[in-house]
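Since the structure of chain E is already known, use the hints to place chain C on it.
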Amino acid sequence: MSDPEDPALARAFERARLTRRSFLAAFGAAAAAGCADRAERSALWEAFVQQHYKRLTEDDKRVIFARLEAEVRRRHGVQVTIADPAPLRGVEFGYALNLSACVGCRRCEHACAVENNTSRDPTVRYLKVLQMESGSMDVERSRVGYQGPVPAAGHFYMPVQCQQCRDAPCVRACPVGATWTEPDGITVVDYNWCIGCRYCEAACPYFARRFNFSEPDLRPSEINPDQGYLSNRLRPVGVVEKCTFCLHRVRRGEYPACLEACPTGARKFGNLLDPASEVRQVLDHKRVYVLHEDAGTSPRFYYFFD
Amino acid sequence: MRLALGPSLALLTACADRPRAPRDPPEAGLVQVVPRTPLLSAWPCSEGCHARRAPDPTRRPLREFHAGRTLDHGPTLRWCDACHPSDDLDRLRLLGGDRVTFDNADQLCGQCHAERHRDWSRGIHGAQSGSWAGPTLRRNCVACHDPHAPQRPMFNPLPPADHDRAYGGGAHP
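Quick mapping for you: the protein sequence lines, in order, are chains E and C. The first sequence begins at 1 in the numbering used here and counts up by one. The second sequence begins at 1 in the numbering used here and counts up by one.
Only chain E is shown next, with the shape it has when bound in the complex (with noise of 0.2 Å):
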């Protein structure tokens, strides 16, 4: 038995009390030693032990935005801003949509693709348009790859993105955590704690996730730099990605991009605990509904017809 006076005991106990991140730093550091390149070795180890983002103090996660920002000054060549805005007390976002406006143009998908960093190759697009056959809600038959000039007779359009569920399937499909829903309804995903098994992916009703096959492919030029942590910064290969409603703008009071894309005016964007917003406005004054209501997702977001 050892003597818990011995000083020669304490000084071993006191130097084996290292705290498990700084343990498991100090060995990524020697098992990355001898690398070509170490700063990238070195991150990627950070990146390895991240914690949860939920666990994350603010301190942890000034270094790691400061680490994820070199990074992409190091494969990108571009100086971008990670920011991780909190959601606003009181606001429980909402989105509505006219279908008797939208005329198809896909203006909301580009500028989505634009504001959300999204691979151009492969092409990934959080949101689809679809060409619906007038007098049917059957999506089973409308069309994505429609060209030629739009609105075509016979057809309405129907944008279909993420909807924000309140009762959201992908959440409770993740084993993992790594995807959950915000105080304000937002559904976001730690890209850093998605390990992509697409379960989420496969319990969604809407098609509204997306798995990075391959690297995002995205030119300097067009990387946004103004990124949020839990929206739109650059995704790894391999893990799973969704509409935020624009998460970093919207909790700064902007619109998302797609709202502000839209030339017709058919997307209606604001704060569901708000009597005078435009959404509410909406839900008091015109007959809505969700798509797939059978699911039984309570969506936050709404269509309807004037």
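Don't read these hints as lab results, they were simulated from the structure. Don't take each hint at face value.
[Claimed, not checked] When the alpha-carbon atoms are kept at most 20 Å apart in a straight line, the in silico DMTMM-like pairs for lysine to aspartate or glutamate are as follows:
1) E:Lys286 to C:Asp119
2) E:Lys286 to C:Glu115
3) E:Lys54 to E:Glu182
[What the hints assert, rightly or not] From the derived model, a few chain E residues whose C-beta atoms are all more than 12 Å from chain C:
4) Arg38
5) Ala39
6) Ala70
7) Gly77
Virtual Cβ for every residue (Gly too), placed ideally from N, Cα, C.
Showing chain C alone in chain E's frame:
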């Protein structure tokens, strides 16, 4: 390896989620309608061209001035002076004879399109920019609709995603 290790490390630390301080939303602001008159090229009409030339009230194809302008909005019922009174060219005339500025053109449109106008004043119809929390910039009717020929032109859609095109526009998804 990442699959197995990440979550198990989390269990080891077994610490609670860290609460984030929520912020107050921005101050609720005003709804502003983008003014029309700064966008008009030769306004005020009465001080420019029409100081030298009186408006011609005869119905005719416009070739000399306002060339290319067609009236396709009740063409047999109206001519210019229905809305642009000859004695007050810098303002618009409502059906009852009242005058409104070009910035308030929605009042003119709303005389017939009352339901649309009501929706527009609620923020349901029409395009907006700025901030959802205010100030919101709202477009006037004539920013999107040509009141002289309101038939909306067709749009050329931007290209679809590559794989959507490859499917030949097949069924969703």
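task = Could you tell me which of the numbered hints above are not met by this structure, giving the numbers in increasing order?
result = none
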